[in-house]
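Visitor: Protein chains in written order, with my numbering: chain A, 56 to 136; chain B, 165 to 271; chain C, 32 to 214; chain D, 221 to 315; chain E, 60 to 333.
Everything labelled a hint here was simulated from the structure, so no lab data went into it. A portion of the hints provided could be inaccurate.
[Claimed, not checked] In silico lysine-lysine, DSSO-like type, Cα no more than 30 Å apart, as pairs:
no., chain 1, residue 1, chain 2, residue 2
1, C, K74, C, K126
2, E, K250, D, K304
3, C, K141, C, K126
4, E, K103, E, K284
5, C, K126, C, K205
6, D, K304, E, K284
7, C, K74, E, K284
8, E, K103, C, K74
9, D, K304, C, K126
10, C, K108, C, K52
11, A, K79, D, K304
12, D, K304, E, K103
13, C, K108, C, K205
14, C, K108, C, K152
15, E, K167, C, K52
16, D, K304, E, K167
17, C, K156, D, K304
[As the list claims (entries may be wrong)] Pulled a few chain C residues facing chain B out of the computed Cβ check, cut under 8 Å:
no., residue
18, F136
19, I190
20, G200
21, T201
We put the beta carbon where it would ideally sit given N, CA and C, even for glycine.
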Amino acid sequence: MHWPIDLIVLTFVIFCAIGAISVKDLLGTTILFGAYSFMMCLLWAVMGAVDVAFTEASVGAGVSTVFFVAAVFRTSRRTKD
Amino acid sequence: MDILVVLFLVIGLFFFLGGAVGIIRMPDFYTRLHPAGKLDTLGIFAMVTGLAIYNLHHFSLEALLLCAKMFLIVFFVFLSSPTATHSIVDAGMRAGLRHWTKKKGKG
Amino acid sequence: MTISNNGVAKEEGNTKVTSLKSFFSFLITFILMFLSWIVLSGKFDPLLLWLGGISSFLVAYYFYDLLFPAMEPGYIKVFFRFIRYTPWLIWEIIKANFHLLYLAFHPRMKDLIDPHIITFKTNLKSDIAIATLANSITLTPGTITVTADQDGVFRVHAIDRESAEALPGTMLKKVAQVFGEEI
Amino acid sequence: MITFFLSIALGLCFLMLFALYRALFGPTVLDRLIGVNAIGSKTVVLLLLIGFLYGRVDMFVDIALAYAFLNFVAVLTASRYFHKRKGLYEESFMD
Amino acid sequence: MRFLGLIIVCLTGALLLYGTGEFPDWGDPDSPASIHLSNYYIEKALEETQVPNLVTAVLADYRGFDTMFETAVVFCAGLACFLLLRDFKEKKERFYRHTPTGVILHVKNSKKILKTGKEFEHMDKDWVPADLIIKTVCRILIPFIQIYALYVVAHGDFSPGGGFQGGVIFGSSLILLAISYDLKTLIQRVKEKVLGIFAALGVLIYVGIGAICMFMGGNFLDYAKLAPLIPGDPHHIRALGMLGVEIGVGIAVTAAMVIIYINIVSAGRHDEGR
């Protein structure tokens, strides 16, 4: 019934993933990864897996972004490749 | 009643559209924040109001509490969204990003 | 359990008054937390109500000084005045949002906008008044607060001349009236 | 009404594309941050709409609330980075 | 070399896509995954456990061991961050700030610790003054976030959520305190020792409930055997046992998240901030 939303959000997820691995700046990668998690949460919610969506929203989008930024803050922002 | 719901939702969508177009068209970072931070806030307000009205079709205590819960989201967004906007602007200022002005705007 | 840089006035000598105040702030935090628990939960099961009571007690016991650092009796008046301020603010936000919409859809947008930064000083003292004014300025489109410090100096980024000119006027008066401060 | 909600949700998905453009191709990191913030605020409403589509709003409101809060935390953390480290381009990052 | 990698990745992807052709259809009722166990769970779970949320019933009751070791993994992650990063060495350089004027003193290579009082205070190189607006707004928001997190923990039976999500939200509300003020404020409020004890205590609550079930004569984590200990309707005893387990998970996850954040952001020195 909700396949259009499903399809569109899935496309966005792929865009976010490609962006997250192709950006050179690590902070930018972190932020894009947060966007990826947001989209992923939406995708789970569209599929009806409510608990998984909640976990993704809380862990993937919130805390892991915070941890990644903290790690970037203590190391450097460049990638080697 | 349904007309009201449709009206609110369409107004909210219109605000969101304005925000999205603003994000694309504005010339620099600071001016982009204006539509992003504020039109979205009002869009959330309008859309949640519409959805809450739709939720009150079958009036009961549970529906009322659910509406209160929805407006908790609105309360939260109205507190947090301007703070996030301010924080981003402050970060840009400290990072030393120049703002776009009319005279040397071509660059 | 106090925050050192919070501006909590520690007057020596009248610890009794301080403890009474902190008890009141604990009580009000507890009531607020319990109300929000009921709104969130929506179930009136005795077990869940007990759990709600225990959780709001824990939050209020450990973090009572976050919501109200020093409870004053005047806060209730401030609350009602703040409720009266909100509709005006929302109306102002809606009115000004259409201006921003007009800007965003205008084909020659770059001729209309003229971003610049203005600075002005106010006499607001308390943290919460400054934060309210700053957030109100940010919510009213056309202007974003860049910095606001303890002395009440605001730096505001405005998107065009028109919204910059209207700035410190009515909103400052209303906010000062809500929090009972001089302009 | 359900069809109308579905079309509104599709419209929001379409608008998300603009914000996603800014998040993917934004010239600076802060532009990406704006894009992510805009995506977050749209998604809150989208989650509520999906809840109405499934007819179980009481479940989806929880996720939307958590979502609004965690979006705030993520944006605040990322911008707090610049409050502590000065400079948008750091450590000969540009060369 | 990169070209070779691309080819390999594409080949693997093509192979995987080829493999999906053999899968059962999406939502196929005759697929192997949904003929054995799922039906049992869907039919019997509500009747046996009195918990409306099926996912919680499966996670905390039918597969209780799984969740227990997940909690142990989170605890181990916190422990690993602590052991790898925590730095107990004494600092060589010290920074002091004169409060009224804001002048910063930089003391190198001295064992002597200056006296700090009303005039001078410790500070760190990375410290920036907390932003007024962010500080005030976060101060107002944090209690509401915490009550929401506790609500998520307590309502794991009825609505989505549970111990893990609630714990993460509670932990990020404490992290928000560190972001909006500074790290010292968080450490003053919630001591490091307390965090460590809580992280272990959460796992202990989980294991302890399981062990009590064993002492009462049942299997490990068989909540039905708890019925003589707790007054009330014996039908709901499984739901109550699950609630206890969720609370344990919540405590462990909260403490582990805060430990990880503190140790990462200050590189184990716990001194960012004043």
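Visitor: All hints, please: hold or fail.
Guide: Hints, one by one, checked against the model:
no.	hint	result
1	C:K74 <-> C:K126	violated, 39 Å
2	E:K250 <-> D:K304	holds, 24 Å
3	C:K141 <-> C:K126	holds, 22 Å
4	E:K103 <-> E:K284	holds, 19 Å
5	C:K126 <-> C:K205	holds, 17 Å
6	D:K304 <-> E:K284	violated, 55 Å
7	C:K74 <-> E:K284	holds, 28 Å
8	E:K103 <-> C:K74	holds, 24 Å
9	D:K304 <-> C:K126	violated, 37 Å
10	C:K108 <-> C:K52	holds, 17 Å
11	A:K79 <-> D:K304	holds, 21 Å
12	D:K304 <-> E:K103	violated, 55 Å
13	C:K108 <-> C:K205	holds, 15 Å
14	C:K108 <-> C:K152	holds, 26 Å
15	E:K167 <-> C:K52	violated, 44 Å
16	D:K304 <-> E:K167	holds, 22 Å
17	C:K156 <-> D:K304	holds, 26 Å
18	F136	holds, 7 Å
19	I190	holds, 5 Å
20	G200	violated, 19 Å
21	T201	violated, 18 Å
Checked against the numbered hints listed earlier, the structure breaks hints 1, 6, 9, 12, 15, 20 and 21; every other hint is satisfied.
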